[in-house]
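Sequence order for the protein chains is A and B.
The first sequence begins at 1 in the numbering used here and counts up one residue at a time.
The second sequence begins at 1001 in the numbering used here and counts up one residue at a time.
If you are wondering where the hints come from, they were derived from the structure by calculation, not from laboratory data.
Be a bit skeptical, because a hint or two may be false.
Stated by the list, open to error - One side only, chain A facing chain B, incomplete, derived with CB under 8 Å: (1) G221; (2) A223; (3) Q230.
To be verified - If you want the footprint, here are the derived chain B segments under chain A, 3+ residues with CB under 8 Å: (4) 1052 to 1061; (5) 1072 to 1080; (6) 1095 to 1103; (7) 1107 to 1119.
Beta carbons: idealized from backbone N, C-alpha and C, even for Gly.
Each chain, written out:
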Amino acid sequence: MNGTGLRPAWLALGLLLLSLLLLVLGAGVGSTGWESVWKILAQDPADPLAWQIVRDIRLPRTTGAWLAGALLGLAGAVAQGVFRNPLADPYLLGSASGASLGVALAMAALGVSPFALQGLLRLGITGAAFVGAAAAVLLTLVLAKGAHNTMRLLLAGVVVGVVLGAASSMVLLLTPEIMQAMQSFMLGSTAFVGWSACLLMAAVLVVVLLASWSLSRVLDGLALGEATAQSLGLPLAPLRMLLIVLLALATGTAVAQCGLIAFVGLAAPHLVRSLVRAMHRWLLLLSAGMGAVLLLSADLLARWLIAPQELPVGVLTAVLGGSYLLWLMHRRNVQEIS
Amino acid sequence: MTPDHAWALQAEGLSVSLGGQPVLRDLTLRIAAGRWTSVVGPNGAGKSTLLRALAGMGHDQGRVLLQGRELRQWGGRARARTLAWLGQNQTAANDMSVYDVAMLGRLPHQPWLGAPTAQDHAAVEQALRQTQSWDWRGRSLGQLSGGERQRVLLARALAVQAQVLLMDEPLANLDPPHQTDWLHCVQELVAQGTTVVSVLHEISMALQAQDLVVLAQGRVLHQGACADAGTRQALEQVFDERIQVREIDGQWVALPRLSPRSA
């Protein structure tokens, strides 16, 4: 797939403007609609509830969806660069299954719903998701004997994903009372993202973005093959390990806060590449922006489509992302035939 | 005795196994500086493995010296500035532009987060012009044919401006006119003092080199100047006398031997 000739800086500007528009929309989409926003703008002191709805619920979840999408988009671009595979996604190293197992174990131990509680218990469950994701990636690295062999790493990731997925199923089987709560996690949700979660995701996004951007030349070199990258004097083994740590950090943080959200990490870099021709220094930044816009759009749709009820955002991203990939396959087939 | 600096590359007792099978066996070789050496041999002789080992991409036993200094003593970037490598069947991201791919050859010259300098841009332009790729510098690799891509990848290797250039099957997908252009490019590089080592299946093109290394079963069967009768005999021998080397219009060419050789 090739870019259209659009300049990366223009796409970045477009994504920024779109993000601002969606963030504003996010303040007004919900059960009470724009009414709460008008009340705040009219400075109605008699309605502290409107303030609470907008400031403590809508704005953090809107910001949280943007940040989680950015983390997943960035992680997707890193994964596709490290594995030199356009079908690589952030969950490839088993982090999704690890996070699920961590949450399942935490819920089974605590016997509570992850999204029904605040404070320490919620922190404990999001922490368990992060620890689960990080442990799964670590296990993948151990099984693959490091990060130097891409094929072994991919296979180890698949094995870890399958085994930990089976372990999660076993936990669910033994503790059926957590089934509904686990479903919320598996389908993804931004409903319970608060300002503290936003702060954490923002900090991780800045760190991962800066660190991966500084390693963008490694990803550029890798695009020409490992041997060529090595011949260009790039110390591949330690740098690839560092990139995988960044990938795990970004994915683990997003999954811990919002559950499993499909396709954003896979589709965001593809969408960017279909619009611009860019080296990784731009691709990473733009994929983060595209991921943010994708997840926030899906989240707004999920809140708006059957309002006042909500669809799980992960379902929407799966449907939209899956349709996009099918269209991509169709377009490639047509191009190959013609 | 020839001083070490006269040798661009030296391999001493080099052994490499792939998947448990020995590919190079206790191989010793010296590549003269400022000359073009071609490595030839039948399939499976270990040509590509030898080139990778000479480029520092791994060997089990023995040692490789670049300009008289063992490869492992070189810093990664310093080595990359001195020795460039062009592999066969290189994959490249289709989304990258021709110019950006060639610019990757300048990585060893640039500081970690530094922008390309005027010198880098000049080197890339020169390399792209040398391979007649300059006109489509703005296109992406995905829009090019196999031969055009190969020329861009060659430009990437040339952009390094290394003193030693190793090329594995650089003529793959190139049509005869561009093979001739490649030949002129190599001759020009050698005239400027660059050491070129190439693995070639086209024996007639390999015979244009100054020196020939004939490999068989992971060992050097013969090494010598292409002009030597002994080198040409070794060449015929390693291909089981199924080719014959003849001089046509002042050039040595390899032809298939259609009838059994008379005793």
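Hints and how they fare:
1. G221: holds, 6 Å
2. A223: holds, 4 Å
3. Q230: Holds - the Cβ of A:Q230 comes within 8 Å of chain B, reaching about 6 Å at its closest.
4. 1052 to 1061: It holds: at least three residues are needed, and the stretch 1052 to 1061 of chain B offers 4 whose Cβ sits within less than 8 Å of chain A.
5. 1072 to 1080: holds (count 6)
6. 1095 to 1103: holds (count 5)
7. 1107 to 1119: Three-residue rule met by the stretch 1107 to 1119 of chain B, so holds; n is 4.
In this structure, every one of the numbered hints holds.
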